[in-house]
Amino acid sequence: MDIAIDLNVLSQLNTTETKAIHDICDKLSVCGIKEKVKVPQIVVLGEESSGKSSVLQAISHLRFPTGENGCTRFAIQVMFRQAPETRIDITIIFEDKSKKIKTWQHSNFQEDGLAHIIEEAKSIMEFNRAGKGFSKDLLRLEIEGPLMYPLSLLDLPGFPNSDKSQENTEILQGLLGSHLDNKDNIYLVVVNPNKTIPEQVVLRHSRLFDPHGKQTIPIITNPDIMRPGSVEERSYIRLAMNRQFMNHFGLGWHVLCNKREEELSFSRRDETEDQFFKGSSWSCIPPVDRGAANLRKKLSLALYHHMRRTLPLVVEDIDWSLQFRESDMEGLGPPRSSPEEMGSFLISVASDFQRVVQDGIHGRGSEYSIGPPNIEKPEGYKPPKHLLKFIEHYDQNEFMETEFVTKEEFINKVVKRVSSWSVIALRHTELVFEVTKAFVDRVLQFLFRPLCFNGGTEAILTTCVDPFFDEKKVAIEAKINELFKPYEKAFAFPLDLDGYTEFSQRSGDRLAERVYSLVTAKAPVSSDDRQKERVTRQMIREAVAAEKDSEI
1 MDIAIDLNVL
11 SQLNTTETKA
21 IHDICDKLSV
31 CGIKEKVKVP
41 QIVVLGEESS
51 GKSSVLQAIS
61 HLRFPTGENG
71 CTRFAIQVMF
81 RQAPETRIDI
91 TIIFEDKSKK
101 IKTWQHSNFQ
111 EDGLAHIIEE
121 AKSIMEFNRA
131 GKGFSKDLLR
141 LEIEGPLMYP
151 LSLLDLPGFP
161 NSDKSQENTE
171 ILQGLLGSHL
181 DNKDNIYLVV
191 VNPNKTIPEQ
201 VVLRHSRLFD
211 PHGKQTIPII
221 TNPDIMRPGS
231 VEERSYIRLA
241 MNRQFMNHFG
251 LGWHVLCNKR
261 EEELSFSRRD
271 ETEDQFFKGS
281 SWSCIPPVDR
291 GAANLRKKLS
301 LALYHHMRRT
311 LPLVVEDIDW
321 SLQFRESDME
331 GLGPPRSSPE
341 EMGSFLISVA
351 SDFQRVVQDG
361 IHGRGSEYSI
371 GPPNIEKPEG
381 YKPPKHLLKF
391 IEHYDQNEFM
401 ETEFVTKEEF
411 INKVVKRVSS
421 WSVIALRHTE
431 LVFEVTKAFV
441 DRVLQFLFRP
451 LCFNGGTEAI
461 LTTCVDPFFD
471 EKKVAIEAKI
481 NELFKPYEKA
491 FAFPLDLDGY
501 TEFSQRSGDR
511 LAERVYSLVT
521 AKAPVSSDDR
531 QKERVTRQMI
541 REAVAAEKDS
551 EI
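Each residue of the sequence shown is one higher than the one before, counting from 1 in the UniProt record's numbering.
Treat the hints as calculated values from the structure; they're not laboratory data.
Capping the alpha-carbon separation at 25 angstroms, the derived lysine-lysine pairs in DSS-like fashion look like this:
| # | residue 1 | residue 2 |
| --- | --- | --- |
| 1 | 183 | 38 |
| 2 | 136 | 102 |
| 3 | 437 | 473 |
| 4 | 38 | 214 |
| 5 | 102 | 122 |
| 6 | 416 | 389 |
Since this is a predicted model, take the numbers as computed values, not measurements.
Just need the whole structure built from these sequences, with the hints factored in.
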């Protein structure tokens with residue numbers, strides 16, 4: 001991938017100390033340190049045609065569109081990141097959340113390629129090029145490479161210098177509110193001296209998001225448009241020297257000469273700017289507060305000091321991670337390198353597990369803390385949430401009056417209720433398994449301590465606990481289906497004594513009848529035996545009943 005960017009210029013935006021901080025954070029991230037120093041975003045804002053794009057060009061040597069056709073109509077964010085391979089990702093984030101984020105890559109990128117990307121983004125956004133409105137969509141360019149350090153530039157649409165429609169004003173206010181309300185921003189407020197100082201709207205707006213002026217660097221552009229020696233020039237020179245109380249800023253002011261169209265190279269632009277400052281009234285401005293090169297140095301120092309203020313968060317994250325690892329090591333106990341030591345450890349865990357579970361089953365769990373964390377005990381009794389709807393449905397006075405129903409209505413109600421018993425039983429079983437399994441998991445967390453709930457504990461759960469519960473659940477569900485099968489596909493056996501007696505008598509009569517029929521069919525009575533006592537049905541019934549009574 002061919003990406004031509006002036007890395008030397010971008011490198012000037014990071015001091016040696018800043019680069020060292022980034023390198024250290026990259027090494028710490030390998031050790032699990034997630035907190036990183038926060039790199040401020042450089043936000044450029046000003047009125048329309050005030051020279052914002054020229055300021056961005058002076059900072060990065062990327063050719064942001066300038067002139068009348070280069071008016072910024074939507075937010076443009078350029079992000080630089082360090083990565084092993086060089087690549088550039090382009091993303092359009094639409095204000096309409098129903099639209100899918102558009103992302104694509106460029107195989108090559110030159111310093112003047114930004115204008116083509118912006119035009120391509122306009123066509124994707126279906127932007128009305130002839131209009132003068134704004135859009136809340138965001139164009140983001142992420143440029144990665146091995147020699148780059150984290151940096152983010154944001155160009156916002158300019159404040160209108162003439163009356164615009166109410167819709168455009170509301171869009172601009174929404175854009176500014178969403179991007180400027182960030183304490184990690186560094187604001188470059190571009191001031192064009194084509195107006196008097198009281199008419200500079202951008203200075204008043206800058207106090208809304210940075211009231212104390214600690215994150216703002218105002219930049220005066222086009223100082224050559226004022227008549228040398230005029231009152232306006234003297235007032236702006238005094239302003240650039242940070243001597244006005246109402247417009248005093250902690251990071252100081254800066255002065256830049258905008259790049260002219262005929263100046264094809266940035267080096268030529270810097271030479272022209274240097275010659276102007278040496279031969280004009282602006283030579284009284286301290287060198288550190290004028291010129292593109294000194295602006296990059298000022299920004300690098302502002303970035304570094306801001307990053308230093310976030311270092312305590314990184315140190316805090318390191319301390320916490322160190323304590324976590326030390327506690328983890330302590331919870332693992334002595335090393336277990338031999339099979340005997342491993343077996344002894346597992347036996348100890350099994351013994352402790354059995355003790356805690358038995359105490360929990362018998363209600364002796366007051367000395368253990370195996371419940372969910374941060375749980376508060378209620379002062380009085382409160383029904384569970386899943387029972388509240390039943391309590392509201394079944395009023396206490398609902399069963400006070402006797403309801404008379406017919407036998408048919410009673411049977412229909414019973415059948416309706418019984419039809420859902422199987423589903424209720426299966427759901428109850430599922431809930432019991434969930435609660436029981438959660439209890440076992442809590443016991444293991446208690447034994448191994450939550451901070452040390454590591455791969456070994458997961459192995460016990462997956463190889464022992466989960467298969468056990470899966471097997472028992474299948475067996476219980478099969479037994480439930482077996483119990484309900486007679487009620488679904490056969491007549492249920494009566495459970496009362498009278499029903500059992502009647503059923504037994506009928507069964508005996510059927511058996512006696514079958515035996516009598518079998519005897520008479522297989523052994524017909526001869527003429528010689530007619531005088532002997534014959535076997536009757538009643539005799540067989542009495543014999544069967546006597547046999548059943550003896551079994552009972």
